[in-house]
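Trainee: The primary structure of each chain is shown beneath.
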Amino acid sequence: MTAILVAAGLNKSFGAVTAANDINIAVERDSVVGLIGSNGAGKTTFINMVTGYLKPTTGTISFEGRDITALAPRQITRLGICRSFQIPQLFNSMSVAENLLVGVGIMASAGSDWIAAGRQTGNPGEAVDAILDQFNLGGYRDRQAGLLPEGTRKLLDIALAMVVQPRILLLDEPTSGVSADEKFELMDMVMKAVRETGVTVLFVEHDMEIVERYTDRVLAFYEGRIIADGAPATVLDAAEVRRYIIGEQR
Amino acid sequence: MNQLLVVVFDALTYSAWLFIIAVGLTLIYGVMKILNIAHGSLYALGAFSAVSLSSWWLAHGYPPMGTYAMLALAALLVGLIAGPLIERGLLQFLYEKDEVVLVLVTYALFLILEDLMKLVWGVDPLLLYEPYQLLGSIEIGGIGYQSFDLVLIAVAVLVGIGLAWVLNRTRSGKLLKAVIHDREMSAALGINVKFTYFLTFTVGAILAAVGGALTAPKISVVTGIGAEVIVLAFAVVVIGGLGSMGGAALGAIIVGLVRTIAVHYLPEVEVFSIYFVMAVVLIVRPKGLFSGAEVRRI
Amino acid sequence: MKLDRTSVALLAVGAVLIAVGPVLPKWGVSLLNVSLCYGIVVLGMMLMMRTGLVSFGHGLYYCIGAYAGGLLDHYLKLPDMLLMVAGGALSAAVVATILGFLLAKYRDIFFAMLSLAFSMILYGLLTKSASLGSTDGFNVAAKSIAGVAVNGEGRQFAAYALTVALAAVCALLLNLYLRSHRGRLAEAIRDNELRVEYMGASVRNIVHLHYIMAATFAGIGGAMMSINIGHIDPEMTYWPQSGEFVFIGILSGTGSVFAPMLGALLFETIRSFAYEYSPNTWQMVLGITMLIVIVFLPGGLWSLFRQRRAP
Numbered sequence: 057m058t059a060i061l062v063a064a065g066l067n068k069s070f071g072a073v074t075a076a077n078d079i080n081i082a083v084e085r086d087s088v089v090g091l092i093g094s095n096g097a098g099k100t101t102f103i104n105m106v107t108g109y110l111k112p113t114t115g116t117i118s119f120e121g122r123d124i125t126a127l128a129p130r131q132i133t134r135l136g137i138c139r140s141f142q143i144p145q146l147f148n149s150m151s152v153a154e155n156l157l158v159g160v161g162i163m164a165s166a167g168s169d170w171i172a173a174g175r176q177t178g179n180p181g182e183a184v185d186a187i188l189d190q191f192n193l194g195g196y197r198d199r200q201a202g203l204l205p206e207g208t209r210k211l212l213d214i215a216l217a218m219v220v221q222p223r224i225l226l227l228d229e230p231t232s233g234v235s236a237d238e239k240f241e242l243m244d245m246v247m248k249a250v251r252e253t254g255v256t257v258l259f260v261e262h263d264m265e266i267v268e269r270y271t272d273r274v275l276a277f278y279e280g281r282i283i284a285d286g287a288p289a290t291v292l293d294a295a296e297v298r299r300y301i302i303g304e305q306r
Numbered sequence: 017m018n019q020l021l022v023v024v025f026d027a028l029t030y031s032a033w034l035f036i037i038a039v040g041l042t043l044i045y046g047v048m049k050i051l052n053i054a055h056g057s058l059y060a061l062g063a064f065s066a067v068s069l070s071s072w073w074l075a076h077g078y079p080p081m082g083t084y085a086m087l088a089l090a091a092l093l094v095g096l097i098a099g100p101l102i103e104r105g106l107l108q109f110l111y112e113k114d115e116v117v118l119v120l121v122t123y124a125l126f127l128i129l130e131d132l133m134k135l136v137w138g139v140d141p142l143l144l145y146e147p148y149q150l151l152g153s154i155e156i157g158g159i160g161y162q163s164f165d166l167v168l169i170a171v172a173v174l175v176g177i178g179l180a181w182v183l184n185r186t187r188s189g190k191l192l193k194a195v196i197h198d199r200e201m202s203a204a205l206g207i208n209v210k211f212t213y214f215l216t217f218t219v220g221a222i223l224a225a226v227g228g229a230l231t232a233p234k235i236s237v238v239t240g241i242g243a244e245v246i247v248l249a250f251a252v253v254v255i256g257g258l259g260s261m262g263g264a265a266l267g268a269i270i271v272g273l274v275r276t277i278a279v280h281y282l283p284e285v286e287v288f289s290i291y292f293v294m295a296v297v298l299i300v301r302p303k304g305l306f307s308g309a310e311v312r313r314i
Numbered sequence: 006m007k008l009d010r011t012s013v014a015l016l017a018v019g020a021v022l023i024a025v026g027p028v029l030p031k032w033g034v035s036l037l038n039v040s041l042c043y044g045i046v047v048l049g050m051m052l053m054m055r056t057g058l059v060s061f062g063h064g065l066y067y068c069i070g071a072y073a074g075g076l077l078d079h080y081l082k083l084p085d086m087l088l089m090v091a092g093g094a095l096s097a098a099v100v101a102t103i104l105g106f107l108l109a110k111y112r113d114i115f116f117a118m119l120s121l122a123f124s125m126i127l128y129g130l131l132t133k134s135a136s137l138g139s140t141d142g143f144n145v146a147a148k149s150i151a152g153v154a155v156n157g158e159g160r161q162f163a164a165y166a167l168t169v170a171l172a173a174v175c176a177l178l179l180n181l182y183l184r185s186h187r188g189r190l191a192e193a194i195r196d197n198e199l200r201v202e203y204m205g206a207s208v209r210n211i212v213h214l215h216y217i218m219a220a221t222f223a224g225i226g227g228a229m230m231s232i233n234i235g236h237i238d239p240e241m242t243y244w245p246q247s248g249e250f251v252f253i254g255i256l257s258g259t260g261s262v263f264a265p266m267l268g269a270l271l272f273e274t275i276r277s278f279a280y281e282y283s284p285n286t287w288q289m290v291l292g293i294t295m296l297i298v299i300v301f302l303p304g305g306l307w308s309l310f311r312q313r314r315a316p
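So the protein sequences, as listed, match chains A, B and C.
Position one of the first sequence corresponds to residue 57 (my numbering), numbered consecutively onward.
Position one of the second sequence corresponds to residue 17 (my numbering), numbered consecutively onward.
Position one of the third sequence corresponds to residue 6 (my numbering), numbered consecutively onward.
For the record, the hints were derived by calculation from the structure and aren't laboratory data.
Some clues are possibly wrong.
Between beta-carbon pairs, the in silico distance windows are [said to hold, decoys possible]:
1) C/T274 with B/I159: 21 to 27 Å
2) B/V182 with C/S308: 24 to 30 Å
3) C/F301 with A/T253: 46 to 52 Å
4) B/S236 with C/Y280: 51 to 57 Å
5) B/T186 with A/D78: 35 to 41 Å
6) C/N144 with B/V24: 42 to 48 Å
7) B/G157 with C/G235: 52 to 58 Å
8) C/T274 with A/L203: 35 to 41 Å
9) B/A204 with A/V73: 24 to 30 Å
10) A/L203 with C/T102: 52 to 58 Å
11) A/E84 with C/F301: 56 to 62 Å
12) C/L81 with A/I143: 54 to 60 Å
13) A/S235 with B/F109: 35 to 41 Å
14) A/E279 with B/A204: 27 to 33 Å
Every residue, glycine too, gets a C-beta built ideally from N, C-alpha and C.
Using the sequences and the hints given, assemble the complete structure.
Mentor: Pasting the structure below:
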């Protein structure tokens, strides 16, 4: 197994607050990694650094052997790392299909191919239909994204990350705001889509049931550090994790 | 040396005038997030009303000194009538709209008020020189200064101090600052945001009209003065930082200095220089000189 | 290439307007001339508005286009309509390319204000340029089209036909662009810039591109207007002129490339009639129209034509 994503010696501080303290991670290709930790432990900061929204104070991040530490979010996205958001980031005035079409358009033009970008898109095309099917969004095809129920917004947010065909998908609290009976359905759908396309997944999650069921590795964050790293059963059972993370949440 | 004193005095006078107008504009923006183009019309309304009231006063043979009271009365009347009328009659229904759409609403209002003034006062220039000449001039160090200009500077200083005092020392001022800082939170804490808006807009309207009334004796009052002044006031508040009172003062001084120096030494670049400074400030400090940083969380 | 309905309609309307040109009354021709020139400028406003940006200084490019054309006549003695329009378009595009590097970072009110500052800088320069007629500007007289000398009625028809053709072609090009992958990103940027960046496109580059396109339309409109009116002055870059463009943009809505043309036509019609019958209240009529549109038709007049999206 080879590491697809390597973070080495990441540090990030905002003034006096340390959000990342010597983070070292090597993520294997095709693995599903859960990031757990209480609020402010540094999980989202980690995702923000990997996707280029924040630059680490020191340390490097490499993707498939290439140093991406200094790249802008759009460059990192184009290399193949995409993310979802805690608060869904949609094109609210457009229909669900049009939302996805934006991604299809960007893919077709590779972001910078001006000639491809000039081509017509009169027919939303098969790529959109495929994603709609994959995420079971067909019924919402022509609904305005701004008016969707929260669970569907969450799903569309993840679909928007998938539409640009990433090789690493970072999900920031995919099931927050999703009702208890919908959350497994949502995760099943996402994991199925991910397995079909061979994507490595890292996701931030507070729900330990979800973490236990879907990940094959868990990283536990506490005050900017990783305090446990390993198989879900081991990590969730570790004394420090129980005390600092699970204890605080249950 | 004398030339320099003249330039400084001119600059101060011009800055004072700019400040009175711009501070109202920035106050309204700070509280209500409306960049009010109609502020220029309120200024013009103040000027026209000042001419009318003063002329009426003089025509009746009352003592000329009373024209100063007429200037003040004109400003108050315009502010107290037009301000509430605009805020209650129109703006209050549109607060939900986008910031840029609100600018257009005030632009529409500007167009309407421009023609309203044409209907009332005609299109010929009106003159009112008595208040300007009446006070005569003061000679300091061999140079004569128009006393009226000193009054203008004094009014600007008083307006500045008054606003600063209200904002920092009084309860309602502190509440106002809370609204400026966070509209939703203030409403949640029980501050009457609706009344705050009403009050702010009225005070802003009075300030615009004061600016107009104090200018009326210095210029020929004619349609179009509102269009000229509003874009200058934009330059001032943008340089200082939208919504900042201190910024308005600093912006007024910068624009006043730049413009006066240009007029005295290189008249060709008068208008150019003001907007050049505005562009440079926006490029170097996009949110103006007095502005805090904002960080978006995702 | 297969054309969509809007494109076909544009070509058809353009052809019909040119064909009926010779029999149109004089006032009709001049109304259309002015409206379509404004319409071309507002096509650019529409593209910017779709991208979520409103410029309060678009008169800058309208003025640059007009002066570039005027200078070709005045100094280079090349009073050819096509050359003047090309010169106007090119000058506007070059200036927008440079200023765009600065402006593409700005949004909302700050974008509006910086573009206002740029337009007022040009205003300040022109009003003090004695060689260009200062505040009075100067007269422009195009004397040929594509090298063929024209005068009198022929000149008038040539200018009219060129105006219609330019309006149709500009609208057609914008329509094709808006239907392309990249054109669709305009609304995506307006809705959510963050997501566009996280899908791998550069918001800044696209805003810059749209700014240049909008400026080019304004340059073409300005140059053509100077040919039609025969006079140019610094008022073309004074802020109320830019305000008018924003006004027509809001009035029209951004639903179709036809909207700016119809919006401009309505604007000019209101203005001409109001000006004819009541010269001191035409602005009031415009102001009230604008308030009505903002309050009751937030999507502009075009939203009247468009069917509501199925729920």
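Trainee: Each hint: holds or not?
Mentor: For each hint, the structure was consulted:
no., hint, in the structure
1, C/T274 with B/I159: 21 to 27 Å, "57 Å, violated"
2, B/V182 with C/S308: 24 to 30 Å, "44 Å, violated"
3, C/F301 with A/T253: 46 to 52 Å, "48 Å, holds"
4, B/S236 with C/Y280: 51 to 57 Å, "25 Å, violated"
5, B/T186 with A/D78: 35 to 41 Å, "51 Å, violated"
6, C/N144 with B/V24: 42 to 48 Å, "43 Å, holds"
7, B/G157 with C/G235: 52 to 58 Å, "55 Å, holds"
8, C/T274 with A/L203: 35 to 41 Å, "37 Å, holds"
9, B/A204 with A/V73: 24 to 30 Å, "27 Å, holds"
10, A/L203 with C/T102: 52 to 58 Å, "39 Å, violated"
11, A/E84 with C/F301: 56 to 62 Å, "59 Å, holds"
12, C/L81 with A/I143: 54 to 60 Å, "57 Å, holds"
13, A/S235 with B/F109: 35 to 41 Å, "38 Å, holds"
14, A/E279 with B/A204: 27 to 33 Å, "32 Å, holds"
Hints 1, 2, 4, 5, 10 from the list above are not met by this structure, while the remaining hints are.
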